[in-house]
Structures are given as C-alpha cells and as structure tokens.
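Next come the chains, spelled out residue by residue.
2 protein chains.
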Amino acid sequence: MPTGAQILINGLVDGGVRACFANPGTSEMHFVAALDETPELRPVLCLFEGVATGAADGYGRMTGHPACTLLHLGPGLAGGLPNLHNARRAATPVVNVVGDHALHHKRLDAPLESDIGALARTVSAWTRRTYYATELAGDVAAAVTAATGPPGAVATLVVPADVSWSDAGDPPPAARPAPARHGLVSVDAVTGAAAALRSGEGTALLLGKEAARGAGLAAAGRIAAATGAKLLCETFPARMERGAGRPAVERLAYLASGAVRQLEGVRHLVLAGAASPVTFFAYPGQGGALVPQGCAVHTLAAGAEDVTAALEGLAEVVGPAATRVREEAAARPALPSGELTAESAAAVVGALLPEGAVVVDEANTSGLWLPGATAGAPPHDWLTLTGGAMGQGLPLSVGAGVACPDRPVLALVGDGASMYTPQALWTQAREGLDVTTVVFANRSYAILNLELGAVGAGAGGARARRLLDLSGPSLDFVALAHGMGVPAERAATAEEFAALLKRGLAEPGPFLIDCVVPPLA
Amino acid sequence: MPTGAQILINGLVDGGVRACFANPGTSEMHFVAALDETPELRPVLCLFEGVATGAADGYGRMTGHPACTLLHLGPGLAGGLPNLHNARRAATPVVNVVGDHALHHKRLDAPLESDIGALARTVSAWTRRTYYATELAGDVAAAVTAATGPPGAVATLVVPADVSWSDAGDPPPAARPAPARHGLVSVDAVTGAAAALRSGEGTALLLGKEAARGAGLAAAGRIAAATGAKLLCETFPARMERGAGRPAVERLAYLASGAVRQLEGVRHLVLAGAASPVTFFAYPGQGGALVPQGCAVHTLAAGAEDVTAALEGLAEVVGPAATRVREEAAARPALPSGELTAESAAAVVGALLPEGAVVVDEANTSGLWLPGATAGAPPHDWLTLTGGAMGQGLPLSVGAGVACPDRPVLALVGDGASMYTPQALWTQAREGLDVTTVVFANRSYAILNLELGAVGAGAGGARARRLLDLSGPSLDFVALAHGMGVPAERAATAEEFAALLKRGLAEPGPFLIDCVVPPLA
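Just so you know, the protein sequences line up as chains A and B, in that order.
Quick note on my numbering: the first sequence kicks off at 7 and runs consecutively.
Quick note on my numbering: the second sequence kicks off at 7 and runs consecutively.
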C-alpha cells in the first residue's frame, strides 16, 4: 500500500511537476524518503525557505509549469512568503507544499504550532489542508490545477505528517480535474480597443503578464505598427522577451516622474494583461494613479482571460500593419574602458549578453542603464521584481537555471537586495547551475537614499543615513561566494568587469562578479 | 508641529524602548529621518528582517524591556515572522513596527500591497493599524503596554506612510495606560501544589518562562530542597540562569525517549510558568503528551500570573529546606586534546565559559553535550530555540550583544541553523558587538538524519539523504564571516578550538570559529 507521501509525489509527477525546491523538516521526512522512488521529480535543497520559493517562481516563469516547494510548518512557510508574494504578483504557477504536525498533535500546541492557513492565504489563490491520506490524490491534482490556472497562481497544500505516513489505500486512477481553459475573449473588449486605437488621439497599449512574450508580444507589435499606438510594458513584468528583432517595447519607469512622461498625451490606454498603472509608493501631495487626466482606460483582457488570443484578434481587427513592425535593431554598445560605474557596467552587459540568455534583474538603482544598454542585444528573456519583495534575484536564478539547463542565466543584483537570500549561491553550486551573478556593490540602500528625499523626509542626518549605508563594514561578495562554493572575482574597472563577465558566461557552472560601482549621485 | 513619525519615536522612547532593529523601506523613511532627533533610540541596521526580529527577541529576553523593530510592509514582516514566532513562544516583549502604504494608496493594489494584519496576527498578542497621526501617541503607548505584558508578547503596530508624514498636532501629554500588573497568585493553586509535593509520591516541579531565573528559580530551589521534588525546566526556555551556585535544574530532553525517562515515576507534576510537556513532533503510533499515566498535573501559575510570587509563596508554605538547596557545584571539564567532536568541543566550552556569559544555543545536535559540560561553569545565562523556527541563534546574539554590552556573548550554532540568518554577522561587525560565534560544522542537517528514522521513514536512499546533507559544496564559515566583516578562523582539533575560543572571548568585538565536527553517529 502506498503511503500518503508516495501518493503525493506520484500526483505531483502526474501533474507535470518535475522539480521540488525543498527545505524540509521532521514533518516532511516521509516526503523526502519517497523521493527515492520517483526519479521524475528532481529534489533541489535550499538552505533557506526564501530561496526555495523564489526558485519555484523562477522555474515557473521559465517553463510555464509549476514546480513544487517543500516547506516546514508555519515558520518555514513564513520564511518563504516574500518570494511567494512576488510569485503571486507574477502569476507564476507554484504548488506550495507545506508539512504540518500530525493532526492528533495539533491540539497539544507544540512549539512549532501556528496558523499555517492564515499565512498561506495571504499569497495563495488556493489553500487546502488534507485530512485523510485517501484524499491526497484528489487534493494534489486540485492543487496542480489551481496552480496552473489561468492565470498561474500559488496553490498551497498543507500536509499533516500523519497524512504523509499513513497508508493511502489503493487510490482509484486519479479522476484528474479537466484542465482549466483560458477564459474566452470578449468581442466587445476587442472592438472597443480597436475603436480607441483608431481614434486618432494619442494611444498606448500597455502589456503585462504573458502579453510581454511570444505570440501576444508579436501581435502587439503588429497592432502598434497598424495603429501608431505606443507600446508599453508594466514596470515589473514577470518575464519579458526582448532584444534585437523583437517588437520595441518601453517598460514603464519605476519613478513616477518618468512614467508620467511616458504616458503624457495618451488619451486612450489599452490594457493587455496589465493593471491600470499606479505608482509603486505614495508620495505626499501626489495621487497614486498614473493615468493622465482625461485618458480613457480600456481593458482588452485581464485575469483569467486569454490575453494572447485577444491581442491576436485585435491585430486582425485593426488590419495589416501600414508600416513595418518596429523591431529593435541589432545593436550593442561598445565595450567601455576606465571607470566602473552603473552606466559603464550596463554597457559591458549590453556588449556581451549572449543570445538566449535569461536575465534576472534585481539591480534596483544600479540597473538604471541596463534596459537601454541591452535593448538591441540578441534575443533574451528579462525577469523582474514583480512584487517588490526584496531577495528575489538570486533565488530566481536558481529556478531559471534548473528550468533552462541549456541557456545562460545572468543574475544582476544589487548588494542590498542580494543579502536577503544569499544562500541561493550554495544551491547554484550544489546543482552546478550555469548562472553568472553580478552583484552591483554600491555599498548602500541607494534606492532609499533617493526615496528619502522623494517622500519629503529631507536629506537625513547622520543616524538616518547610516541606516541606508552598507559600508562599515563593506560586504565582500567574493568571500561570501567562496564561502558557499561559488568561484568569484572582483571587478574594479570596466575592462576587468568585461573580462570577468566573458569568463563567467564562457565557463559552465556558477560564477560571481563583485562589481564595485559608486551609488547614483 | 511634529510629524506622526516623530510622535511614534517619542512614544517609543517614553515607553522605555531604547533599541530599534531595522530593515526599512520607502514607507519608513520618515521614521528613519526622525531618528536623528532622538538619540535615546539606538537604530541597528539589519540586512534581513529575520535578523531584526531575532535581535529584538534577544534584546527583550535579556533586558525584560521591549526593543522595537522597523519592517517594510507585508513582505518585510513576513521575512521577520519565523523569529517573531520564537519570540511569541518565549513571551518576549517586542514592539513590532511595520510600515504600510499611505491609506489612500492601499486601494490601488500596488505591487507591495498584501494583508499585513493577517500576517501580524499569527505572532502578535496585539495588532493595530493607526489611521490618524493624531492617534499615534495613544497607539504607541498601547503597543508598549501590550508588549510589556505580563506576559511579554509581540505587539504589532502598522503605520501607514501618510500617518508617519502627517502633522500629528500638539498631542496632549500622553495619557499613558496604567502599566499592566502581574495577575494575582492563586492561593488554591499554591496550597494544591504544596499538598501534591508533600504527598510522599514521586513529584517534580517543571519551570518555564521567568521561573527559570532570578527569584523564581531561587524559590524553586528551596521548594525542591524542602520537598524532594525533582527540579525540571522546559526543553526550550527563553532564558535560563544556570551554572555554579545556582539550583541544579534538568532541562527536559528534546527526544521523547529522554523526556520519558526524566518523568518516569512522577505522580505529581507541578507547572510553574511551563505548559504540560508534549513531544516536539508526533511519531507514528505514539501519543504526544509526555506526562506519565497516572500522573496528576497541577498548575501553580501560568500565562499572566505571577509565577515568581507563586513560587516564593509555595516555598514559604512547604517550609524551610530540610536539607541545603542542591546547587550546582563549581566544576569544569578539563581541556580536552586531540579529535574535535561535539563532545570534546562541549568540554572546551565548559572549561572556558566566562562568568556572566550570555550563551545563545542553536546547536541542535552538536549541542547535545553542552548542558552537561557547562552545568558547573561560573554563573551564566542560556537562551534557547523556544519556537523551533530555525535561524534564531545568530540574530539572538545581536540582540543580546546590544542589550548587554558588558557581558560576553557566546553563540553556539549548527551549520544548518546558521544559514537561515547569516546576515546577523554583518550587524555584529557594524555594531562592534562582543559576540563569539561557534559554528558546529557537521556538514548535515544531522537532526533530520535522526528524525528520518524516528518517524519510521527508513534510512533514506541516496536522493533522500542528499537533501539532508550540507556537503557538496561544504560551507566555509571563515570565508562567510570575512565576507561580512567578522574575523574568523577554523578549528580542526580540540586544542585549536580551545585556543580560538580563548582568543574570541578575550578580544573585544565579534569573532567566529568554524568548528568542524563529525555528525552524531
């Protein structure tokens, strides 16, 4: 008779789950033991839960299929919540498996007892606790379905230890729920958007979620060419396909002032998979909505609707492109020399970015020049900080590396951001992932130095600025990487950075570059 | 006119809060700026929220007064939840300050928006969101009162950005809530416990929370001497005073088999600040309660009751000690030589532990010999993993170091445990804390190798065991410490460990020892 744990793993594999990012504890030992019998499910050990959840996010973004996590009770889930928050905002499919005490143990209020459901519901579209091993087969199938969407979502399955260790009986062949289908496309929304785009007034098409890639992105390019609409993308797309030969799309700026400029003169804004744009934070005396006064907002497709099909339909309605689709021209910056700054570092990345690269971007201020410097590089994917929860970059790189073993992964992360989840480097090393990590070490929470003034809190005195300062002592990322088994070097000039980036991209396995740059002025 | 942020900080200082463990973001910038005007509140930057919350726990355990945290919205709070879970289990006073979006921004569902209240309530005895700057003075006073208890608790105050930046008016002199008082002592409970202890049957007194220290512990010693009761302490006390000259108390074992032996023959178990003992986890075919069949359980004091006064009253009732209080005799192990093992390392610690040391213990398997080896060392405090949420040790050491600048802090942590919150080392360095950290590097989640068999999951195949194995690559804690500015060396023999521990304890500031030991057989 199979145990619940075996049924659970079989159900995951039946549902197409192929990777398990795990930080297990005692309650999960039967799951761990059952992994030996199921080679289809690759276990990947993470030394902190936030690495496991971020890796599952990265894996799901790159494959479109859910990975699972394996977390230990409420505190284990809690550690993983920030990156599950990011996954929720990215609409990434994730099957989040959380072990719990045996049911008969829960009333004893043992030290690890806590409200797992309350935690899970803050990030999950679907949460269920299984009470009987015989019901696990159905529950895991439902979890996979809920995670897969559309839209993709975090589905949390809470598995008490006794459910894992009990005989699950001989389950009948799983009555698998019918796979969910994309919602139909609204014809009214398509014709409404077409009318708006043909209005002769300023128009823009704002892409989000899956509209930022594949057939949806291609259709968006045709729509823009046919109508003259400006092509924009949400500030933090889950995964954007970009580079030479792909439709030229501007990401909305993080800073409100930049986004306001990008939207200036737009009288009709068509949303394709994106929400109506708002500022990331509030600022005194400013509204948070970015849509200009007098601009009408039209939703082409949202939520569970099929945004790709809607864009393709809209492209047909607005007719053949009058002009050629505006594609990014192949163009790379020249390799710079001399001082290493955020700007020259971006030029190095643009000059060397290989075709097919998966770029993970959590360089929140040092990354300012990266989009421009890489726009004409060979085609690549760009993954961003969808939910604003720090510590996403390095874990995403783990998941992308597991998902795409044949593609180079380039993680571009700020020093502040990297320190929330540095343990990801160890998993890069253990799994031999081909990830090149660049830490932009400006020795500060530079984004907060900008925000301190932006929110009207002044320049800050010595004590305030020390809270935003990462020097004293300076972090030595070469030593940190070595501590976790990742080869690493420091770059102090643009030439050194270029040489190290070439090396990192050329060599298999992980490599880290401590890229020392000044903070933005 | 003061801003809300200034009122908040003033209220914290008025409430006796002297340390703020912070990982701020944009919504907290006014709080950060206001720190410049209030030198009484010491800001301590932590690079990950779990460090901030664990440090606040350590500070509160050592001072009895709350520190505050400063966390950034839901994801920032989430990262701090595991150590708040431990603080909750320790009944530590903590004022947990969480910034939120401006109220008018919340409806926009900006990327960082999430259900902060749901997260907070899983660990907090008291949670409130302030809606008006003019109400902050009252809310912060209420938060301090709620945190202070008794019993101590996590009190979470959610502060929207606009509440921080708005004029708070001229608040009237704060109508401070009357400080909470300990609950009265139940005379019935005292006389009932006295009768039980005099029954002539096997008796034991189980100490928890504040009964493990100070006047309560002293009274417990007298009670044991007068009645012959066995003196036990909960498995994971928040802070235990122990060492030569203090009453000899056995901690209940983590492994059920050990705890069962300790409780064998006990017919009356008197609880003083402790819960009725249960196993940490459930195991197939075993009940979780540890109280022997036929043993009556008597609660002397619990929750908000004054356990110290109850113990003192009980000591009076049971009369003068017929025999001398059984105090730990001053005794240290000899300094061992040769192979470095968990056992010989414990002997080194016992031989060298300085008087007044604050020991933070998160060495879950390698620490097995530590209690025995240090029982007769000069008086010291011992802080343990109250809630079972990993990653507590290093952050606790930060808080203890800030709380007790004149006492040596010794953090004894397993390699697995240390990797949940390694960023604490950076804060040790920045603040120049006199913390000596010993990482017992057995290259495995050794406790899970034990549990794999204990839960009946077998010995595990290759894939299972790899998930519990921390080699490949081995973590280099010397490099990790150097990366965060902490001097460090590796010990491979007992002599080397002794020399390094002497050095770490003698030198001011932080020092780390990578103590390579084999896992338990």
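Hints in this document: simulated from the structure, not taken from any laboratory.
Because the structure is a prediction, the values reported are computed rather than measured.
Think of the CB as a built atom: it goes at the ideal place given N, C-alpha and C, for glycine as much as any other residue.
Treat the hints with care, as some may be off.
[Claimed, not checked] Cβ-to-Cβ under 10 Å is the rule here; a few derived chain B residues that face chain A: (1) M7; (2) P8; (3) T9; (4) L83; (5) N92; (6) Q299; (7) C301; (8) P326; (9) T329; (10) L374; (11) C410; (12) W432; (13) E457; (14) A487; (15) L511; (16) A512.
[To be verified] Below, a sample of chain A positions facing chain B; criterion: calculated Cβ distance under 8 Å: (17) P88; (18) H110; (19) A124; (20) A131; (21) W132; (22) L458; (23) L473; (24) L481; (25) P493.
[Said to hold, decoys possible] Simulated restraints, written as ranges between beta carbons of each label pair: (26) D173/A with Y137/B: 28 to 36 Å; (27) G220/A with R113/B: 29 to 37 Å; (28) A131/A with L261/B: 38 to 46 Å; (29) P360/A with G478/B: 39 to 47 Å; (30) E345/B with G175/A: 30 to 38 Å.
Quick rundown of the hints versus the structure:
With 10 Å as the threshold, the beta carbon of M7/B stays out of range of chain A, its nearest partner Cβ sitting at about 14 Å, so the hint is violated. Hint status for P8/B: violated, given a least beta-carbon distance of 14 Å to chain A, over 10 Å. A hinted interface residue such as T9/B counts as satisfied when its beta carbon comes closer than 10 Å to some beta carbon of chain A; here the least separation is about 9 Å, so the hint holds. Annotation: interface hint on L83/B holds; nearest CB of chain A at approximately 9 Å, less than 10 Å.
Interface hint at N92/B: satisfied, since its Cβ lies 8 Å from the closest Cβ of chain A, which is below the 10 Å cut-off. Interface restraint check for Q299/B: the shortest CB-CB distance to chain A comes to about 16 Å, outside 10 Å, so the restraint is violated. A cut of 10 Å between beta carbons decides the hint on C301/B: the least distance to chain A is about 16 Å, and the hint is violated. Violation of the interface hint for P326/B is found here, the shortest Cβ-Cβ separation to chain A being roughly 37 Å, above the 10 Å cut-off.
At a threshold of 10 Å, the smallest CB-CB gap from T329/B to chain A is about 35 Å, leaving the interface hint violated. Taken as an interface hint, L374/B does not check out: its beta carbon lies about 17 Å from the nearest beta carbon of chain A, beyond 10 Å. Interface hint at C410/B: violated, since its Cβ lies 22 Å from the closest Cβ of chain A, which is beyond the 10 Å cut-off. Contact between W432/B and chain A, as hinted, is supported at the beta carbon level, the nearest pair being about 7 Å apart and thus within 10 Å.
The restraint placing E457/B at the interface with chain A holds, with a minimum CB-CB distance near 4 Å, inside the 10 Å limit. With its C-beta approaching chain A no nearer than about 8 Å, A487/B sits inside the 10 Å limit, and its interface hint holds. The interface hint given for L511/B is violated, since its Cβ lies 21 Å from the closest Cβ of chain A, which is over the 10 Å cut-off. Look at A512/B: its Cβ only gets to about 21 Å from chain A, farther than 10 Å, so that hint breaks.
Using the Cβ-Cβ criterion of 8 Å, the hint placing P88/A at the interface with chain B is satisfied: the shortest such distance is roughly 4 Å. Checking H110/A against chain B: minimum C-beta separation of about 7 Å stays under 8 Å; hint holds. Checking A124/A against chain B by beta carbon gives a least distance of about 5 Å; that is within 8 Å, so the hint holds. Because the smallest distance between the Cβ of A131/A and any Cβ of chain B comes to about 14 Å, over 8 Å, the interface hint for this residue is violated.
At a threshold of 8 Å, the smallest CB-CB gap from W132/A to chain B is about 16 Å, leaving the interface hint violated. The restraint placing L458/A at the interface with chain B holds, with a minimum CB-CB distance near 5 Å, inside the 8 Å limit. Proximity of L473/A to chain B holds as hinted, the smallest CB-CB distance being about 5 Å (cut-off 8 Å). Residue-level restraint check for L481/A holds (minimum Cβ-Cβ distance to chain B is 6 Å; threshold 8 Å).
A least Cβ separation of about 11 Å between P493/A and chain B goes past the 8 Å threshold, and the interface hint is therefore violated. Between D173/A and Y137/B the C-beta distance comes to about 53 Å, which lies outside the given range of 28 to 36 Å. Evaluation of the 29 to 37 Å hint for G220/A and R113/B yields a pass: the beta carbon distance comes to about 32 Å. Between A131/A and L261/B, the C-beta spacing of about 40 Å keeps the proposed range 38 to 46 Å intact.
Under the hint 39 to 47 Å, the C-beta atoms of P360/A and G478/B, about 28 Å apart, miss the expected range. For the pair E345/B and G175/A, the beta carbons lie near 50 Å from each other, so the given range of 30 to 38 Å is not met.
Hint check: violations occur at hints 1, 2, 6, 7, 8, 9, 10, 11, 15, 16, 20, 21, 25, 26, 29, 30; the rest are consistent with the structure.
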